[in-house]
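Asks: For reference, the chains in residue letters:
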Amino acid sequence: MIRFILRRLLLLIPVIIGLTMIMFAIARLLPGDPVGLAAGPNATAAERAALATEFGLDRPVWEQYATYVGGLAHGDFGTSLLTRRPVGADLAAYLPATLELVFAAMFIAVALGIPLGLLTALWRNRWPDYVSQVLAIGAISMPRFFLGLLLQLCFAMWLMWLPLGGRLPIIVFPPQPITGFITLDALLTGDWQVFTTALRHLIMPAVALSLSPLATIMRMMRASTIEVMGQDYVMTARALGLPRHKILGRVIARNAVSATLTVIGLYFGWLLGGTVLVETVFDWPGLGLYATKAILSQDMMPVIGVALVIGLIFVLANLVIDLAYGLINPKVRYA
Amino acid sequence: MTSAFNLSRRTLLALAGAGLASAVLPVKSFAQSGRMLVIASNQDIPNFDPHTSSGYSAAFLMRNVYDPLVRVAENPPAPVPALAESWEMGADGASYVFKLNPAAVFHSGAPVTAEDVVYSFTRAMTLAKGNSWMLRGIVDPAKVMATDAGTVTFTLEKPFAAFLAVLPWFPIVEKAVVEANLGSDQGQTWLMTNTAASGPFTVARFQVGTMYYLARSKTAWQAAGGNLDGIIWQIVRETASQRLMLQRGEAHVAVDLTSEDMDALEGAAGVTRVIEPEYRTFSIKMNTAHGPLADINLRKAIAYATNYQAILDAAGYADLMVGPLPNGIMGHDPNLDVPRMDLDKAKEFLAKSATPEGGFTLKMVHVSGLEQQRRWALIMLDSLKALNITLEIQPMNWPDMVAACASPETFPDLFPVYQTANYGDPDNIAYAAYHSSRNGGWQNAVYKNPEVDALIEEARSEIDPAKRAALYEAFQKAVVADSPDIFGVLERRKLGMRDAVSGYAFCPVASNAVECWPLSLA
Amino acid sequence: MTDVPVSAPRNEGLARMLYRFRQSRLSMIGAVMVALVLLFAVFGPVLAPYPEHVAGGVDTAARFQPPSPAHPFGTNELGQDVLSLTMAGTTVSVLAGFGVVLIGAVIGTVVGAVAGYVGGWTDEVLMRFTDLTLTIPGLILAMAIAAALGPGFQNMVLAISLSWWPGYARLVRGEVLAAREEVYVTAARATGAGPGRILFRHVLPNCVSPIIVKMSLDMGFAILTVAGLGFIGIGVRPPTPEWGTLLSNARSYMPDYWWTAMAPGAAMFVAVFGFNLLGDGLRDILDPKGRR
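Chains as they are written, first to last, in the working numbering: chain W, 955 to 1289; chain V, 855 to 1376; chain S, 131 to 422.
Worth flagging that the hints you see were computed from the coordinates, not collected in a lab.
Glycine included, every Cβ here is placed at the ideal spot set by N, Cα and C.
Hints are supplied without guarantee of correctness; some may be wrong.
Straight-line Cα separation of at most 20 Å, DMTMM-like style, residue types lysine to aspartate or glutamate; simulated pairs [unchecked claim]:
1) V:LYS1239 <-> S:GLU311
2) W:LYS1247 <-> V:ASP946
3) W:LYS1247 <-> V:ASP898
4) V:LYS1012 <-> V:GLU928
Just a few of them, taken from the derived set where beta-carbon distance is under 7 Å, the chain S residues facing chain W [stated by the list, open to error]:
5) ALA277
6) TRP388
7) TRP389
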């Protein structure tokens, strides 16, 4: 199993190279004038040239690429043209916010999606099943940013129950960073007040983000439960006279969950890149907001950095899911 | 929901609403460090170096953390003492002597000396970034002299009437501190996140893209300060969020509010609205050098077809411009005869042009994402329909728009621009927006009239105010006769403030970069 | 005759398919919704109660009117009828969504077919590239390309398409690999048909059903992505009305002028919902093994 993990980790290297190449091609070969934007409207031609030289933008693309990859080997993600801050430090600051949001959304999706899927499978072809099927498709169809706006309108603007956006009010000191997740850090440091405040900020964006994975997981769970229920071993268990709740818990749920896991893994990676709009609506200081700002000013180093980090996490998440698959379902062997 | 939860939530809100001054929040908060003024802004502070950064958030930092020789205050704006307690202008208008305030000290405790002033101007002009363009060709760093430790003499390249008005944008850094952290780039890297300043506040803590916390400096030497212990510059991207924070008392000042936000704040409890004219013009430049609008009759036809009322309606709290200069600035002629919507006149001029029936397409660009510019572009599209002219609207990134200004061939037919008077002097806008030496730049890409050039040059070197005013009057008439622009609106400055804030006096120069020293919190 | 009937393995009879489709009530509802959306896509600008507003006309005297019989969804910041703009916005959203799915499907099919049919190194290289593109978050990739190209309908469609094809490439490659081994393909090869002919006459036609199913399922998401770009501010040029842009404009007027957001948001939801219901139904009929 160690060899399996090592081999998969080794595969990350070509992924990094490929990803940077694609993003670099987009950054350098498309039209646009990032230097002009960064230099500002009153810059002279000489200042622009100086800026281009400073960032190596006047050198051939392949040379720029080589410099970038060389820097990556030392953990250097380049420098933002606009803010002149190291991208690596920015990524480290914004990644935990996005991860916290995605984990919260996945938590909601899994915690509700799996039992709901199981239930609807048991109620197959009765009216709760139909209703939930329609609701699921509706949930997938709901634009996340529109849902976000509606939530804001109701709970933050009209009812004023929840804050409009952000991670914490500015007057509150964030807890000592341990995991980078404010909610978790607050719990670990025992700061109950900060925890509830952070949680109240997290609820709406997490709900807006969770709807579509929730629906997908539920449908997936329903389908695999139905499939599992028709399998021989379930019949056998039933014939052996195992109590219904044991069959459900041990046999059906376990097998169905392991099939659903793949979807969860895929969704996790997908959500990381899909937070952009939700982060925009809720002013959530994560990777999506960071990338959006950079994209709008054609500051490509941060964009390459974000794509790289998300791509890597995507690959890692799949690896973790493959491992989890084996834990739940010991029949799987790692080749 | 339990009632306990309810209570704590309400208490939190109420405490926040009461202002953070006396509140002891149940959470660890800035409130415990004293009276904190929270300013909600949508602009991150790009970098702390006062000689390379620009934009209003950088101006906020400069105004509160650094000191210039003179500041600008009051309405209409006038220079007031800062590091310089007094100054004298030579009879030729090209030499200035500044006496430094002996009480002035840097955050390090060292006194501010003439050496530091000379060093700062040398640094600003040789780096040639940020605001240095304001003094380009005017100040030669070699001719800034330290006469003694407390006296600085400037010998300008030529007389410059607006000299005192631009000085607020040239903060003084502490030479010894910068030299100690010089690196290979004149300390740019170090000053990006550190300061070497003498201002009333210091940067105590910051989180990029989120908030900047400035604490009252222990060495604050400035007179007439308020009771603030600190300021928080909080980045709130959406204006609607800024307004809600203000209403809830989570922010004391909101600086990016729209007209719609101001309407919504009318009568809101605990909120004061500041709606004041400021020298920020919006106009639409026409391509006077290339394409159909090189024809003055067509330009006039468009100027008379424009629905000015709609432009004003869409802008909300604004005033229509009367001619090229901002209303109320020195030399502005409020009785200037400028085009107003008059379709008959428009058609008259159209008939005199090469295309009396219209039937062609013009191109207008605007900054993508700038809501007001989008609205105005749509209004122009609607207005031009009356002349049977179609308008193609293209949102562009600002740098691409700037690039299009390089030549008359690439310059679009209609080009909207905001011009902010960085200093409260008519020369700022007259020179930047109508002098032909600026051709190829975004402020005046194509317009060129030797008569107008001569008037601008004469006015900027004229020191006698009455004669200057007469020159600007002639200038405005000449520009209106040429009709190079559709004169749009002056958007009023729209700030929201909690009524707990006192000591505020509006000054129409970059008022969104709030000067906090005089402010107090109840 | 050397040709074997192309759709032989899955031919179920059109009548039977239609029957099954009609049996599924949800798919029927979806079909009706899609028909409605398509109707607006074609005639929206004409049916709109205030066609002059669709063309960019403004009426600043009537700014921010709340919903009323004259303006069921109120008016916006320029006094334009929100309902009219939303109705007309259908055209852009549906066309762009369709464009994205079509271009994505074409690129994906070519890549997948070549990879699956040629095999070997070509397959390896193409599929690694496909997997790589899949790991880049689609919206961020599309945003980056669209921002660099500048706003405009074609740029937007192109940008999204370039992040849309990998799914099709994987799908088609799988189908091609399976079809290569089918009896009728082997038979065609035995009769001396060239690789191009085999690919286009025998292999690809069998992939049509799953591609169509995927396209119909993707339509909704493509519309959402188009709206997402508009929402970020990298969409079409004014005065063309577009749902995402309308919603993003409306956002700054919350909560006082909340009605400016309702029509475009609801329109998006209805269109995507319709396409998803329809796609779900189509999958059950055309591609039963794809059902989960």
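Asks: A separate judgement is required for each hint: does it hold in the structure or not?
Replies: Hint check results:
The straight-line distance between the Cα atoms of LYS1239 (chain V) and GLU311 (chain S) is roughly 64 Å, outside the 20 Å bound, and the hint therefore fails. Between LYS1247 (chain W) and ASP946 (chain V) the alpha-carbon distance is near 49 Å, which puts this suggested pair outside the 20 Å criterion. For a cut-off of 20 Å, the pair hint linking LYS1247 (chain W) to ASP898 (chain V) stands: about 11 Å separates their Cα positions. The hinted pair formed by LYS1012 (chain V) and GLU928 (chain V) fails the criterion: a straight-line CA distance of about 28 Å is larger than 20 Å.
This hint holds: ALA277 (chain S) has a C-beta 5 Å from the nearest C-beta of chain W, less than the 7 Å allowed. Annotation: TRP388 (chain S) was flagged as interfacial toward chain W, and the flag holds, the nearest CB pair being 6 Å apart, inside 7 Å. Here the hint on TRP389 (chain S) is broken, as its CB sits about 11 Å from the closest CB of chain W, past 7 Å.
Hint violations for this structure: numbers 1, 2, 4, 7, all remaining hints satisfied.
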